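Novice: Chain residues, written in single-letter form:
4 protein chains.
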Amino acid sequence: MAECYTWTVTIASLQHQLRDFAAQRDWEQFHTPKNLVMALAGEVGELTEIFQWLDPDESASVMTDPARAVQVREEVADVCAYLLRLADVLDIDLETALIEKMIKNALKYPVETARSTATKYTKLPPRGAAGG
Amino acid sequence: MAECYTWTVTIASLQHQLRDFAAQRDWEQFHTPKNLVMALAGEVGELTEIFQWLDPDESASVMTDPARAVQVREEVADVCAYLLRLADVLDIDLETALIEKMIKNALKYPVETARSTATKYTKLPPRGAAGG
Amino acid sequence: MAECYTWTVTIASLQHQLRDFAAQRDWEQFHTPKNLVMALAGEVGELTEIFQWLDPDESASVMTDPARAVQVREEVADVCAYLLRLADVLDIDLETALIEKMIKNALKYPVETARSTATKYTKLPPRGAAGG
Amino acid sequence: MAECYTWTVTIASLQHQLRDFAAQRDWEQFHTPKNLVMALAGEVGELTEIFQWLDPDESASVMTDPARAVQVREEVADVCAYLLRLADVLDIDLETALIEKMIKNALKYPVETARSTATKYTKLPPRGAAGG
Numbered sequence: 399m400a401e402c403y404t405w406t407v408t409i410a411s412l413q414h415q416l417r418d419f420a421a422q423r424d425w426e427q428f429h430t431p432k433n434l435v436m437a438l439a440g441e442v443g444e445l446t447e448i449f450q451w452l453d454p455d456e457s458a459s460v461m462t463d464p465a466r467a468v469q470v471r472e473e474v475a476d477v478c479a480y481l482l483r484l485a486d487v488l489d490i491d492l493e494t495a496l497i498e499k500m501i502k503n504a505l506k507y508p509v510e511t512a513r514s515t516a517t518k519y520t521k522l523p524p525r526g527a528a529g530g
Numbered sequence: 399m400a401e402c403y404t405w406t407v408t409i410a411s412l413q414h415q416l417r418d419f420a421a422q423r424d425w426e427q428f429h430t431p432k433n434l435v436m437a438l439a440g441e442v443g444e445l446t447e448i449f450q451w452l453d454p455d456e457s458a459s460v461m462t463d464p465a466r467a468v469q470v471r472e473e474v475a476d477v478c479a480y481l482l483r484l485a486d487v488l489d490i491d492l493e494t495a496l497i498e499k500m501i502k503n504a505l506k507y508p509v510e511t512a513r514s515t516a517t518k519y520t521k522l523p524p525r526g527a528a529g530g
Numbered sequence: 399m400a401e402c403y404t405w406t407v408t409i410a411s412l413q414h415q416l417r418d419f420a421a422q423r424d425w426e427q428f429h430t431p432k433n434l435v436m437a438l439a440g441e442v443g444e445l446t447e448i449f450q451w452l453d454p455d456e457s458a459s460v461m462t463d464p465a466r467a468v469q470v471r472e473e474v475a476d477v478c479a480y481l482l483r484l485a486d487v488l489d490i491d492l493e494t495a496l497i498e499k500m501i502k503n504a505l506k507y508p509v510e511t512a513r514s515t516a517t518k519y520t521k522l523p524p525r526g527a528a529g530g
Numbered sequence: 399m400a401e402c403y404t405w406t407v408t409i410a411s412l413q414h415q416l417r418d419f420a421a422q423r424d425w426e427q428f429h430t431p432k433n434l435v436m437a438l439a440g441e442v443g444e445l446t447e448i449f450q451w452l453d454p455d456e457s458a459s460v461m462t463d464p465a466r467a468v469q470v471r472e473e474v475a476d477v478c479a480y481l482l483r484l485a486d487v488l489d490i491d492l493e494t495a496l497i498e499k500m501i502k503n504a505l506k507y508p509v510e511t512a513r514s515t516a517t518k519y520t521k522l523p524p525r526g527a528a529g530g
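Protein sequences appear in the order of chains P, V, L and D.
For reference, each letter of the first sequence is one residue, going 399 to 530 in the working numbering.
For reference, each letter of the second sequence is one residue, going 399 to 530 in the working numbering.
For reference, each letter of the third sequence is one residue, going 399 to 530 in the working numbering.
For reference, each letter of the fourth sequence is one residue, going 399 to 530 in the working numbering.
Think of the hints as simulated: they come from the structure by calculation, not from any bench.
Each hint should be verified, as a subset may be incorrect.
[Claimed, not checked] Derived lysine to aspartate or glutamate pairs resembling EDC-like cross-links, with alpha carbons at most 20 Å apart:
#, chain 1, residue 1, chain 2, residue 2
1, V, 521, L, 456
2, L, 518, V, 472
3, L, 506, D, 424
4, L, 506, D, 472
5, L, 502, D, 424
6, L, 521, L, 510
Remember, it's a predicted structure, so these values are computed and weren't measured experimentally.
Based on the provided sequences and hints, a complete structural model is requested.
Specialist: As structure tokens, this is what we get:
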């Protein structure tokens with residue numbers, strides 16, 4: 399008989415747990431999209447504060463400091479929690495939305511013109527211009 | 399013969415695609431944690447602008463306006479992309495970090511005291527105080 | 399003999415004090431525009447957290463709670479400090495830049511078309527369309 | 399007869415102009431503290447996007463690129479506009495709040511211990527410890 403074990407933690411299952419967490423505390427009343435966007439912005443602000451005075455190299459090795467690593471990890475988790483919660487109340491399928499955006503970005507940033515530059519797509523040379 | 403098809407899109411697979419997208423464009427040089435945190439903050443800022451003048455009810459029905467729905471969906475995807483990319487370069491397992499944070503929050507916000515209030519845990523009555 | 403007392407606290411004098419404060423602590427090395435923008439974003443994030451769960455009416459009366467009023471006042475001051483510091487290191491004259499932006503906005507948002515609506519100028523009817 | 403001409407543009411006069419600008423367009427209804435905090439966060443997000451991929455040196459010379467200088471100047475003006483508007487609706491005297499915060503910070507970051515370090519005050523050595 400065919401058996402199948404998948405241990406994958408899906409985004410949907412995490413959203414389900416976050417939804418239950420809020421419901422058990424009667425917090426849905428606070429979780430309007432507007433408020434969740436602010437909560438998301440607040441957590442990103444805390445993450446920003448950790449990195450604000452670090453130079454690029456220090457930021458790259460931030461996880462080597464155990465105390466800071468815990469702090470970064472928790473802020474990243476908070477940002478993730480509010481993003482998943484927001485997508486849930488807006489009924490946005492995160493995976494599909496992300497994949498669609500990546501396809502769109504692949505057209506906006508063709509490899510041959512976007513290579514090695516942080517220039518915004520609106521200022522990139524026309525497709526092919528940089529190619530052979 | 400046991401066959402098993404799982405179509406789950408995992409966070410890891412999305413991160414893998416984002417990593418390839420950056421590598422193909424030689425963008426890893428720009429993707430320091432510090433820069434990615436700023437990019438994440440920038441996208442959250444764009445999401446905030448969509449909701450800034452909406453009242454709670456308008457924000458709850460924001461997806462009923464097709465044009466706005468596309469815009470919200472794309473900004474949410476951008477935020478998600480930079481969060482996954484940041485977690486990837488920091489080597490943070492998002493699912494585990496999120497689950498650990500939820501366990502921690504469950505202790506900070508016990509159902510009986512946190513019910514129906516947005517009060518920060520530091521100002522909640524001691525555990526049980528609000529219970530029967 | 400003509401005497402003249404002006405007690406006006408100018409933006410320039412506040413910037414001078416902030417510059418001295420940083421110099422006395424040898425902090426100019428941390429005050430790159432990039433870092434100051436992050437510090438500004440971090441403080442705005444803290445301000446956002448105070449308002450995230452409040453409905454519009456609660457936010458309008460936030461200063462009636464003495465404890466919260468102190469907190470709001472301090473976060474607003476922190477945002478102001480980093481904005482003045484940023485303008486200083488970028489050598490931007492804040493008053494002139496603000497007045498110029500207001501003139502530009504007056505053209506983008508003519509009274510007759512922008513009245514009572516939060517619609518972005520790019521989506522406003524052509525000038526005069528809403529007028530008599 | 400004593401005559402006195404002062405051309406100082408005060409923060410109060412700028413706030414007065416911003417208040418009139420909003421009133422003429424019947425925008426006070428949108429300018430709740432909560433909404434203004436979001437608008438402030440949105441503008442800081444746009445400022446962040448300009449700096450996100452720049453390294454510290456590039457960010458220090460950002461104003462040497464005329465096109466970018468105009469962009470930075472306008473975003474800084476937008477942030478300033480919403481900060482002044484927010485302080486106005488909250489009835490916070492920005493100069494006094496800022497000066498009080500600087501006095502508080504001077505105690506939190508004594509010169510002898512805070513010198514040349516970006517360490518948060520909560521982690522600084524006790525006052526005098528680093529002094530002679």
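Novice: List, from low to high, the hint numbers that the structure doesn't satisfy.
Specialist: none
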